[in-house]
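*Asks:* Below, each chain spelled out in residue letters.
4 protein chains.
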Amino acid sequence: MSECVKTGDWVLLYHDEKHRYTVKVEEGRVYHTTHGSVNLTEVVGKRYGETVRTNIGEDLVVSRANLLDRLGSLRRFTQVIYPKDAAYIVVSANIGPGSRVVEAGTGTGFLTAILAWYVRPSGRVYTYEIRKDFYEAALENLKEVGLLPYVEAKNKDIRKGIDESDVDAVVLDMPDPWNVAEEAYNALTHGGILAVFVPTVTQLERVIVAVRKSGFKVIEPVEVNVRKYKPVPGELRPETLGVLHTGYLLTARKL
Amino acid sequence: MSECVKTGDWVLLYHDEKHRYTVKVEEGRVYHTTHGSVNLTEVVGKRYGETVRTNIGEDLVVSRANLLDRLGSLRRFTQVIYPKDAAYIVVSANIGPGSRVVEAGTGTGFLTAILAWYVRPSGRVYTYEIRKDFYEAALENLKEVGLLPYVEAKNKDIRKGIDESDVDAVVLDMPDPWNVAEEAYNALTHGGILAVFVPTVTQLERVIVAVRKSGFKVIEPVEVNVRKYKPVPGELRPETLGVLHTGYLLTARKL
Amino acid sequence: MSECVKTGDWVLLYHDEKHRYTVKVEEGRVYHTTHGSVNLTEVVGKRYGETVRTNIGEDLVVSRANLLDRLGSLRRFTQVIYPKDAAYIVVSANIGPGSRVVEAGTGTGFLTAILAWYVRPSGRVYTYEIRKDFYEAALENLKEVGLLPYVEAKNKDIRKGIDESDVDAVVLDMPDPWNVAEEAYNALTHGGILAVFVPTVTQLERVIVAVRKSGFKVIEPVEVNVRKYKPVPGELRPETLGVLHTGYLLTARKL
Amino acid sequence: MSECVKTGDWVLLYHDEKHRYTVKVEEGRVYHTTHGSVNLTEVVGKRYGETVRTNIGEDLVVSRANLLDRLGSLRRFTQVIYPKDAAYIVVSANIGPGSRVVEAGTGTGFLTAILAWYVRPSGRVYTYEIRKDFYEAALENLKEVGLLPYVEAKNKDIRKGIDESDVDAVVLDMPDPWNVAEEAYNALTHGGILAVFVPTVTQLERVIVAVRKSGFKVIEPVEVNVRKYKPVPGELRPETLGVLHTGYLLTARKL
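These protein sequence lines map, in sequence, to chains A, B, C and D.
Numbered per the working numbering, the first sequence spans residues 480 to 734.
Numbered per the working numbering, the second sequence spans residues 480 to 734.
Numbered per the working numbering, the third sequence spans residues 480 to 734.
Numbered per the working numbering, the fourth sequence spans residues 480 to 734.
These aren't lab readings, by the way, just hints derived from the structure by calculation.
Every value quoted in this text rests on a predicted model; they were computed, and no experiment measured them.
Warning: the hint list may mix true and false statements.
[To be verified] In silico DSBU-like cross-links for lysine-lysine, where the CA-CA straight-line distance does not exceed 30 Å:
| hint | chain 1 | residue 1 | chain 2 | residue 2 |
| --- | --- | --- | --- | --- |
| 1 | B | Lys709 | D | Lys707 |
| 2 | D | Lys692 | C | Lys696 |
| 3 | A | Lys485 | A | Lys622 |
| 4 | A | Lys709 | C | Lys709 |
| 5 | D | Lys707 | B | Lys707 |
| 6 | C | Lys709 | D | Lys696 |
| 7 | D | Lys611 | C | Lys709 |
| 8 | B | Lys503 | B | Lys525 |
| 9 | A | Lys696 | B | Lys497 |
| 10 | D | Lys707 | A | Lys709 |
| 11 | A | Lys525 | B | Lys696 |
| 12 | D | Lys696 | C | Lys485 |
| 13 | C | Lys707 | D | Lys622 |
| 14 | A | Lys707 | C | Lys707 |
| 15 | C | Lys707 | A | Lys709 |
| 16 | D | Lys611 | C | Lys696 |
| 17 | D | Lys525 | D | Lys503 |
| 18 | C | Lys525 | D | Lys692 |
| 19 | D | Lys709 | A | Lys709 |
| 20 | D | Lys503 | D | Lys622 |
| 21 | B | Lys709 | A | Lys707 |
| 22 | B | Lys692 | A | Lys709 |
| 23 | B | Lys497 | A | Lys692 |
| 24 | B | Lys622 | A | Lys692 |
| 25 | D | Lys707 | C | Lys707 |
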């Protein structure tokens, strides 16, 4: 209910549609915005919905920051999967509370974080990353957003083997997922789901060949397209310019 | 691990790509398929991945049935939201373990079940349905798939008021969601998200007007289109015919 | 104007949105519709916009039939290109009055007829078809719709050579267009355009390789998607089901 | 065949994929490119496919410029319809050699030019424009690309009446096309087609109401989406960013 902001909470400070800021509250820290700076100590104890004033007299509304807000505030993420694709993976691969999921590559942990958030509190994400710098950035990012307890991160080449067995889902976002099809099949429980993301149709074709060969069934390659509309009553229309393509998604099952 | 099938488990019996059956295992029940009938008592004690033989000698592989398998096996569901749209709602409205979500209308409980599955074990879905027959069908369906413990279903008109407060999300799939915009705003926590599904662009325009008037920010109307590909290597192409449109989704936040 | 219908004219007889009939007026011929039969002799001399009565007393409005009406009335066409794709080819390949165009394969002449209609009166379509039955059906179809004078049809394998030179455009709708890339390049005038239609992305990739190797520039592969809306004010929305994919189009230029 | 460039011809000078120039050859004129300048007198007499050297020693291949090249080279065009939409209009409104077409508004003449090119040599485009500056720019543009002989341009408000009758098509690209629906119906021949372009779905809904009221049949609102692919073999995929929406097209017939 009328809960108050505590140190360590993530908050969203809202000024207007184009200026909102997501920040983790730490006492003593000063946070700079284009509408002046905020002493985060002043945010502690505020009720959600109350405002905090910047040093130049602008009021910012204090709201709860959600998962995507938090992930968006981390500078370290590079080349991440879009929420539209992550959403399709989560639901079509049946990833939810308690799921045990293998993922590769970790990258800097964006999709890992989303998966971890959904398998809480009893599930686990086992994530493989071959590059040490990415692995370390991911550890830091996951810790920052509070999701590390649900993740087992490994600085390992998944093509050399998957340590886990009887997992509910395997999620692959890596350049050559066809090289992991057989390992993924063996790691999955019966009924479990493989989900693959690849940017090009050339890769998609190779993945289809590999998963079929490895014994997967119900192979479903798709494209997910989200088109935003301008929310202007009386002039409703889709945005003129935007994202036309991110990649292809393929799900397949061990049956 | 090498867990065995128990009474009450949901299993998926796989014969081939076009013939797979989802069923809840009850001792003594005989289940009929186009490849013969199965005495479900024989399924109990099987390890996942083993086969069961029908009375005409066909083998079916026994696998775990997931949430969408279970929902798909329920005959009562009519006119339900597509998984692509449910996925977008779940992720863009930040609905996960522990979330408290208000939903209307319940319909026969398809989306309710998905939401309930994601808020487990500590969250709750408070769902409103004005029609008594739908409300009762939904109760039965939710019980059948084991998700009733996470749902508080009400045979009530949401337009007359929302009982809950400080909820994380409000999800509306009803003919006139604009009549609930203000109630939804009041029921949400600061930072909480409203998600609305409507089939026509005429409705979408009315929703935009109403949510803006009620004080919502970051209003984002979208369309989610999923295009399936035929998984035939050497002849890769999208399906020729299929679903061109289900509806429009709008998210907005209380900030 | 108030021009009158003459023998040999194509007319469109309109009863209602779902029942309209395109027919070539021949004296003495009786034309059967689901609303009764019409003696076409009675249509001769009608002004456009007047009605003709069937033998069961239903009135049909007499209108001019256009090119697509005529093509749609020919039973002999099989597996034809969609108007959306034909439109893109015509405009992006700069095919208009006076253009000299090479086409393969003719099929039963649907696209040939569209191209011929646009190059009238001084242009020509040189069309190649390897199958004799298709070639003969195309000749008959083109004659029926009055476009044969603008077409030079050949029962020949285009892969063995193109007889024409300095043509403005080459249009390929055949299984292995990559085998004609070099011939097409040689046949085109400088600045001329190649347009290729293929159903699968696997074919598209082979075409791209071939046209690049043959020296083509400004290679542009696209997909054209047309989504129909239900024209119901107050309930405006796209059609639920429909065509998701026909094929890929590629244009390239000799520069 | 081996025709030579003459004064007044439009040529396309090609350096590489990102640098090609369309210019009308005038003796004595010096044309500047990012690869040096060309004395156009030197282009006269060249055969197509030969090169011309710039003052800094770069070679440009001389090719024929087509209609879209020419239109693209005119600086005066503003806010023009996309070729994808123009293509759909031309083919679905059955506009070809000999067609008599009414258009409004002219704007600076881009769509007028395309229509005029297709109705050559015996057809006519009657185009209405309320703004004098646009009307004058259009006259100049049409003259420059050589299509003025096929156009009758008027500095008139089409909402006050259409002078022509029994026309084959009426094409409307103006803010309030619903105000012309009845005039359009009266101006069309029986069987003739109305084609309307509007950017917003709000306008589309008003157009549907108006054309239905005016007696039009076979009302078909659509969206035409063209998605470009990157022509890279081995990495085939759609462009990441691009045009998501231009507008809605509606065709309707007088039957």
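*Asks:* It remains to establish, for every hint, whether it holds in the given structure.
*Replies:* Status of the hints after comparison with the structure:
Between Lys709 (chain B) and Lys707 (chain D) the CA atoms are separated by roughly 21 Å; this keeps the pair inside 30 Å, and the hint holds. For a cut-off of 30 Å, the pair hint linking Lys692 (chain D) to Lys696 (chain C) is broken: about 49 Å separates their Cα positions. As the CA atoms of Lys485 (chain A) and Lys622 (chain A) are separated by approximately 18 Å, the hinted pair is consistent with the 30 Å bound. Distance check on the hinted pair: Lys709 (chain A) and Lys709 (chain C) sit about 21 Å apart at the alpha-carbon level, within 30 Å; holds.
Between Lys707 (chain D) and Lys707 (chain B) the alpha-carbon distance is near 19 Å, which keeps this suggested pair within the 30 Å criterion. Between Lys709 (chain C) and Lys696 (chain D) the alpha-carbon distance is near 13 Å, which keeps this suggested pair within the 30 Å criterion. For the proposed pair Lys611 (chain D) and Lys709 (chain C), the alpha carbon gap of about 38 Å is over 30 Å, so the pair is violated. The hinted pair formed by Lys503 (chain B) and Lys525 (chain B) meets the criterion: a straight-line CA distance of about 14 Å does not exceed 30 Å.
At roughly 11 Å between alpha-carbon atoms, Lys696 (chain A) and Lys497 (chain B) fall within 30 Å of each other, so this suggested pair holds. Distance check on the hinted pair: Lys707 (chain D) and Lys709 (chain A) sit about 23 Å apart at the alpha-carbon level, within 30 Å; holds. For the given pair, Lys525 (chain A) sits about 21 Å from Lys696 (chain B) by alpha-carbon distance, which is consistent with the 30 Å threshold. Only pairs whose Cα atoms come within 30 Å are accepted, and Lys696 (chain D) paired with Lys485 (chain C) is accepted, the gap being roughly 25 Å.
This hinted pair does not check out: Lys707 (chain C) and Lys622 (chain D) have alpha carbons roughly 37 Å apart, beyond 30 Å. In summary, the hint linking Lys707 (chain A) to Lys707 (chain C) is supported, as the alpha carbons are separated by about 19 Å, within the 30 Å threshold. For the given pair, Lys707 (chain C) sits about 21 Å from Lys709 (chain A) by alpha-carbon distance, which is consistent with the 30 Å threshold. Straight-line distance between C-alpha atoms of Lys611 (chain D) and Lys696 (chain C) comes to about 40 Å, which puts the hinted pair past the 30 Å bound.
The straight-line distance between the Cα atoms of Lys525 (chain D) and Lys503 (chain D) is roughly 14 Å, inside the 30 Å bound, and the hint therefore holds. Proximity of Lys525 (chain C) to Lys692 (chain D) is assessed by CA-CA distance (about 26 Å); at most 30 Å being required, the pair is judged to hold. Note on Lys709 (chain D) and Lys709 (chain A): the hinted pairing holds, with a Cα-Cα distance of about 28 Å set against a maximum of 30 Å. A hinted pair counts as satisfied when its Cα atoms are at most 30 Å apart, and Lys503 (chain D) with Lys622 (chain D) qualifies at roughly 12 Å.
About 27 Å separates the Cα atoms of Lys709 (chain B) and Lys707 (chain A), which keeps this hinted pair within 30 Å; it holds. Distance restraint check for Lys692 (chain B) and Lys709 (chain A): the Cα-Cα separation of roughly 16 Å lies within the 30 Å cut-off, and the hinted pair is therefore satisfied. At most 30 Å may separate the alpha-carbon atoms for a hinted pair to count; Lys497 (chain B) and Lys692 (chain A) meet this at roughly 19 Å. Taking the CA atoms of Lys622 (chain B) and Lys692 (chain A), the gap is about 39 Å. The hint is violated against a cut of 30 Å.
For the hint pairing Lys707 (chain D) with Lys707 (chain C), the CA-to-CA distance comes to about 21 Å; that is within 30 Å, so the pair holds.
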